[in-house]
Amino acid sequence: MSRFIETHIEGLRERLFRMGGRAEAIMDKALRAVWERDSSLADEVKGDDIEIDRLEISIDEAVLKALALQAPVAEDLREVLAIKMIATDLERVGDLARNVAKIARRLSAQPELPLPASVTTLARAAQGALRRALDAFSHTDPDLARGVLDEDDAIDRMQDEVVQTMLRELGSHPESASQELDVIMLAKHLERVGDHATNIAEDVILVAEARNVKHAAKLASR
Amino acid sequence: MSDAARTGGVDPAARWASAEMRSRLARRHASERRFRLAGLTAIVLAIASLGVLLASIGWNGAPAFSATEVRLDVDLSPAALGLPSDPTGAASPAALHDADYRAPLRAALQALFPDVQSRGEIRDLTALLSRGAADELRARVESDPSLVGRRVSLWLTADDEVDLARKSGLSRAVAEADRHLSDAQIGWLEALLRDGRLRAAFNWPFFTSGDSREPEQAGLLGALVGSALTLLVTLAIVFPLGVSAAIYLEEFAPRNRWTDLIEVNINNLAAVPSIVFGLLGLAVLLGLFGLPRSAPLVGGMTLALMTLPTIIISGRVAIQAVPPSIREAARGVGASPLQVVGHHVLPLALPGILTGTIIGMARALGETAPLLMIGMVAFIVDIPHRFTDAATALPVQIFLWADSPERAFVQKTAGASVVLLAFLVLMNATAIALRRRFERRW
Amino acid sequence: MGTSARFAGPPEPAEAREARVSRLSETGRVKMQARGVDVFYGEKQAIDSVDLAILEDEVTALIGPSGCGKSTLLRCFDRMNDDIPGCRVTGSITLDGQDIHSPELDVVQLRARVGMVFQKPNPFPKSIYDNVAYGPRIHGLARSRAEFDEIVERSLRRAGLFDEVKDRLTEPGTALSGGQQQRLCIARAIAVDPEVILMDEPCSALDPIATGRIEELIDELRGRYAIAIVTHNMQQAARVSQRTAFFHLGVLVEYGRTEDIFTNPRVQRTSDYITGRYG
Numbered sequence: 001m002s003r004f005i006e007t008h009i010e011g012l013r014e015r016l017f018r019m020g021g022r023a024e025a026i027m028d029k030a031l032r033a034v035w036e037r038d039s040s041l042a043d044e045v046k047g048d049d050i051e052i053d054r055l056e057i058s059i060d061e062a063v064l065k066a067l068a069l070q071a072p073v074a075e076d077l078r079e080v081l082a083i084k085m086i087a088t089d090l091e092r093v094g095d096l097a098r099n100v101a102k103i104a105r106r107l108s109a110q111p112e113l114p115l116p117a118s119v120t121t122l123a124r125a126a127q128g129a130l131r132r133a134l135d136a137f138s139h140t141d142p143d144l145a146r147g148v149l150d151e152d153d154a155i156d157r158m159q160d161e162v163v164q165t166m167l168r169e170l171g172s173h174p175e176s177a178s179q180e181l182d183v184i185m186l187a188k189h190l191e192r193v194g195d196h197a198t199n200i201a202e203d204v205i206l207v208a209e210a211r212n213v214k215h216a217a218k219l220a221s222r
Numbered sequence: 001m002s003d004a005a006r007t008g009g010v011d012p013a014a015r016w017a018s019a020e021m022r023s024r025l026a027r028r029h030a031s032e033r034r035f036r037l038a039g040l041t042a043i044v045l046a047i048a049s050l051g052v053l054l055a056s057i058g059w060n061g062a063p064a065f066s067a068t069e070v071r072l073d074v075d076l077s078p079a080a081l082g083l084p085s086d087p088t089g090a091a092s093p094a095a096l097h098d099a100d101y102r103a104p105l106r107a108a109l110q111a112l113f114p115d116v117q118s119r120g121e122i123r124d125l126t127a128l129l130s131r132g133a134a135d136e137l138r139a140r141v142e143s144d145p146s147l148v149g150r151r152v153s154l155w156l157t158a159d160d161e162v163d164l165a166r167k168s169g170l171s172r173a174v175a176e177a178d179r180h181l182s183d184a185q186i187g188w189l190e191a192l193l194r195d196g197r198l199r200a201a202f203n204w205p206f207f208t209s210g211d212s213r214e215p216e217q218a219g220l221l222g223a224l225v226g227s228a229l230t231l232l233v234t235l236a237i238v239f240p241l242g243v244s245a246a247i248y249l250e251e252f253a254p255r256n257r258w259t260d261l262i263e264v265n266i267n268n269l270a271a272v273p274s275i276v277f278g279l280l281g282l283a284v285l286l287g288l289f290g291l292p293r294s295a296p297l298v299g300g301m302t303l304a305l306m307t308l309p310t311i312i313i314s315g316r317v318a319i320q321a322v323p324p325s326i327r328e329a330a331r332g333v334g335a336s337p338l339q340v341v342g343h344h345v346l347p348l349a350l351p352g353i354l355t356g357t358i359i360g361m362a363r364a365l366g367e368t369a370p371l372l373m374i375g376m377v378a379f380i381v382d383i384p385h386r387f388t389d390a391a392t393a394l395p396v397q398i399f400l401w402a403d404s405p406e407r408a409f410v411q412k413t414a415g416a417s418v419v420l421l422a423f424l425v426l427m428n429a430t431a432i433a434l435r436r437r438f439e440r441r442w
Numbered sequence: 001m002g003t004s005a006r007f008a009g010p011p012e013p014a015e016a017r018e019a020r021v022s023r024l025s026e027t028g029r030v031k032m033q034a035r036g037v038d039v040f041y042g043e044k045q046a047i048d049s050v051d052l053a054i055l056e057d058e059v060t061a062l063i064g065p066s067g068c069g070k071s072t073l074l075r076c077f078d079r080m081n082d083d084i085p086g087c088r089v090t091g092s093i094t095l096d097g098q099d100i101h102s103p104e105l106d107v108v109q110l111r112a113r114v115g116m117v118f119q120k121p122n123p124f125p126k127s128i129y130d131n132v133a134y135g136p137r138i139h140g141l142a143r144s145r146a147e148f149d150e151i152v153e154r155s156l157r158r159a160g161l162f163d164e165v166k167d168r169l170t171e172p173g174t175a176l177s178g179g180q181q182q183r184l185c186i187a188r189a190i191a192v193d194p195e196v197i198l199m200d201e202p203c204s205a206l207d208p209i210a211t212g213r214i215e216e217l218i219d220e221l222r223g224r225y226a227i228a229i230v231t232h233n234m235q236q237a238a239r240v241s242q243r244t245a246f247f248h249l250g251v252l253v254e255y256g257r258t259e260d261i262f263t264n265p266r267v268q269r270t271s272d273y274i275t276g277r278y279g
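Protein chains in written order, with our numbering: chain A, 1 to 222; chain B, 1 to 442; chain C, 1 to 279.
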């Protein structure tokens, strides 16, 4: 009995790891394209994203098969569902990377705008959050996941800081308005990456502790 | 919602405790008690009847197992035996056989009672010994010729009247004219008893000798051997035929109107009175085939016909009891129908078949009517050796003895009944033990 | 073909049926093929015009509500229905292309090549050793005691029972637990080295742990034997089989890969059954 569901789950996890690795790589490539002003790197991102989309479809089919054929329960069921949800988040990360790549192309085509340190910090924080969330899933580590949840506020603040800075720059250097707007967009995308990392972390906690901690802040404030 | 509200106004607890319910309960208990009492009474009556029957048979038959013996000091000198005194020593077997053994016995008796002189009194005295006592003496001398020339003290069988007298304590309660033993004879017996020369002994001849006109010599051996030979014939016919028929009907025969007809007929045959089979044996075996009368062969064949339906029915039941899942499993592995029967069904059904066979044999052992019809009722002295020798069977022997006039045969009849019952109980107990032992097979 | 009107839908034309059957066998090698099989019990028709293949290296599950004929069809493959009086089987059933009803094929040998495991475990009331050795003995598959020993050990190992019973091979087979008895029956079927194993609801008399072990065993065995299993437990069919055939009232309603049947059945009645909206 156990060997059937285990085989399915192992297959799903393997696919998800691949997807996660790709997502991290693609985001890293897109960000490097921004900092290194390398539009050829930016062009590669599109092809990479298609790979991620394919993986999502494959995971969809595998999840459907696992649910129909194995009727998993308890932790197995939560894990299968979590894998589906994380795949969705990773696919969005891929899309975000595409958007970041577009920003990279635009920025490299224009005179260089020195990026404030806060953007770098934000980028590192977002990437770090994603990596740690995926690690938390790989080890089913709820504590690591909670760490990611705690960082979410910090990432939000970093994003606010970048936006504030850029808004001031927009006032003082209106000639580079399009770059400054792009930087604001970049910050927003990075904040979205942080959100997806948070989602992944919440799914890990669901698997490990059978607790749904989503939208905790919003629900608490009601 | 309260209990009362739920059941529409009646409190359940009160309902079951009401006077009406209580009286119903009491009536039910009373009728159950009556029923149990009736069952108990039935059982007690049945056991009591059985007990009375067994007790009366046992009481009447027990004396048959003991006989009376007299100790005599017999002078076996060649002169007393009427043998030529041969200085070379041993006499020839023929001479030993033809010697006079009555004379030494008479002499021994006279030695004990020297007052007995007249012819009539001497006759009365020697009548105390069994008429076969001389033969007993002959048998002893022939088996041990060194006895010749010696004076030996021997226990010899007494006459049946002496036996009866001893068993009733040598009483003179009945008037002499109505008795078989005269006062003088009883006096001699009392003297012998005082001398320690009269004793009760286990009646071995009852089991080791054949039938005889002399009650004290009459034994069951002939009947036992006859019954054994007959049952052997019955078994040899009924077991292979019956078991094969049962197997065929259960495993191989198609289920159609013909097989239904056969089954009905077999069931009916099992209920046919046994004497009808006797008539059949008489007409067909003796009349048509001209087989020898009174032979265990014919008796066995007749009893086989009678027992066959029972064996077939019990065989079928035993085979039906084998679960079909075992047959399916065997077929699934690729066993042919014959292998299914031989490797699986038959070994599992065998205990049941054996039980049925033993019960059938027990029934055949006790059957008298068919054997009477085919003539196994003659007075047979010799022990039968072959299946074609004339013989009798145990129940028939009982019937014959019951007919005889001598008083001693009454005891023997009851004794033989005890033996017959003992065999029947033994066979049935074996059957039950077998059944119990093999019951928890699967 | 007439009674296909039993389920709503026009009867399948013969060419379309041929095409469908041969398409299914493309992806696997066909070990046994039933074509146009009808089964009658006296006047009553139990199976109507069924085409079904049992493929090598795969487990084919037959599912359907009670009385739909799946067990009856299964028993056609080793001609166990021959022993039921009044039962008539028509149509063609082949093993490696050879018609199993032809007079040249001895039914006893057929049953050595096509083994069966029954719903209620039915070991012989003999020792464990003799249970497993019985088949090889009657088919003459071994000559010496050593050869028998080897066959018994191999079969018990493949059935996953050897380690539990190796010290008590002389004990009666009926002394084992239900799950062990069923594995013994599987070992008994394996001992004659069959090519196909038919299983008629092998787990329905067992508790969930024993059932799980048997399911794992079935998955292990399918690499060596073609397996067909009748089950009333749809979940079991989903777990264990690669192909599933859904029966209803003696008609084969749908036959395809298990994952297709359970994620997207093509016939409405199939969907009604597996979602539990029917029966």
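Hint data in this document are derived by calculation from the structure and do not stem from the laboratory.
We treat Cβ as the ideally placed atom computed from N, Cα and C, and that holds for glycine.
Among these hints, one or two may not hold up.
Computed beta-carbon distance windows for the label pairs [as the list claims (entries may be wrong)]:
#1 C:Glu-43 to B:Ile-262: 50 to 56 Å
#2 B:Arg-33 to C:Thr-170: 50 to 56 Å
#3 A:Leu-77 to C:Asp-163: 30 to 36 Å
**OP:** Starting from the hint list further up, note which numbers the structure goes against and sort them upward.
**Re:** 1
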